[in-house]
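Novice: The lines below spell out each chain.
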Amino acid sequence: MTSDRKIIIPGEVIVKGNDFLPGEGTEKRGDEIVALKFGLAEESNKLVKVIPLSGTYLPRRGNVVIGKVESVNFNGWSIDIGAGENAFLSLTEVPRYVNKDGLEEVMDVGDMVVAKIWTINKRGIDLSIKSRGLGKIDEGIILKVNSNKVPRIIGKEGSMIKMIKDETKCNITVGQNGLIWIKGNKIEDELYSKKAILFVAEKSFVSGLTDEVKKWFEEQKK
Amino acid sequence: MTFKREDGRKVDEIRPISAKVGIIPNADGSAMWQSGKTIAIAAVYGPKEHHPRNQRDPEKGTLRFNYNMLSFSVTDRIRPGPSRRSTEISKISEWALAPVVMLEDFPNMVVDVHVHMIQADAGTRCAGINAAAMALAHAGIPMKNMVSSIAVGKLDKTVVVDVNKHEEDYEEGEGSTDIPITMTPDGKITHIQLDGKITKEQLMEAIEMAKKATKEIYEVQKKALKEIGK
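Protein chains in written order, with the numbering used here: chain A, 455 to 676; chain B, 924 to 1153.
Simulated from the structure, these hints should not be mistaken for laboratory data.
Accuracy of the hints is not assured; some may be wrong.
Said to hold, decoys possible - Listed below are the simulated SDA-like cross-link pairs for lysine to any residue, each with C-alpha atoms no more than 20 angstroms apart in a straight line:
hint : chain 1 : residue 1 : chain 2 : residue 2
1    : B       : Lys971    : A       : Glu481
2    : A       : Lys576    : B       : Gln978
3    : B       : Lys1067   : B       : Glu1095
4    : B       : Lys1111   : A       : Lys576
5    : A       : Lys576    : B       : Asp1028
Generate the whole structure from the sequences, applying the supplied hints.
Specialist: Pasting the structure below:
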């Protein structure tokens, strides 16, 4: 296989031979590695995987996500993270004492929260907010993009998001589920930042995107 | 073979086909399939939370297929809404797709497939399955393989591929027999129906013809899916 990435459909053979290992979205049938999903086939260190181009968000352990409180239970909150099922945030994640009757005072229905996926099991998804930068969102704006475009918005080792942050002087948190939280000092900064992110999302298939965005920022300054 | 088809096609020639992926922006996956005058559009939503809760399956996911013929799709307006026929085709199409969709990957969840016929000229269930297979792939749902579907018919004593409405109503001699077949590209049958009379030899001939026709269909599906990623 060549080093450039190619589009693959389910059931299509990606590579033949026993030198490769099947990764995410692939399966080994005989001596062929077959795709199980529609997306880009990528090979690195003899590991073949498929990066999906479209579809819903698939939760993974360790992902930082942004969700909305759907309901308040007696021992925690049920949070919609845009996956097939709701995630659960336990009361024990809140570092201070909370009255069992006053869970709404910490987070109420409709509040947005930044959380990390702690575990995924048969019973559901559990979230954690015991890390820096996680917790309830108080102010700023939230926008939604397709979750498959998140890697492009972050860029290689965060290069893209760092550039947008520096240019717009906003604090941006990107959830792996496609929700993005922007917080700046002025509403104009936040809207500018939103415009930039939507531009990246729209151009997500272009190669050399970082340079393209750099150009875009220069144009905007004029 | 001297049998002559009214639109001048050869017995093993399918109608002109075209396909497009990503036609419905709000759906997780969508596709359009056109085969002659038959046009089907498919939209896929999910995997998402399964309601009603009592129908949930904790072992594997559920596939829900909804086939609907729009009232203007045929020359005589048909009554909109579910009918005996559409419920049956929904179930049949669901079974045609279920063997390739890896439902065990999303327990307690459901994938909804909605197929609408915006123009009908026979072979609607096949067009629906073709569109649905592309839409499922577009929605990023794990699948073992693609499926392609074609209706083979027997007009009097001749086996022909991809019958249209006019041929389906053929009444001379032995009349017409309709055999919709769905296959994976490696020739495994996931769905076969037969309405009418046919000998074993001719059925085998029909399956061979379907195998050839589904190869052509698969290539078009593949091309349509690859175009969207560019």
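Novice: Which earlier hints can't be squared with this structure?
Specialist: The structure breaks hints 1, 3 and 4; every other hint is satisfied.
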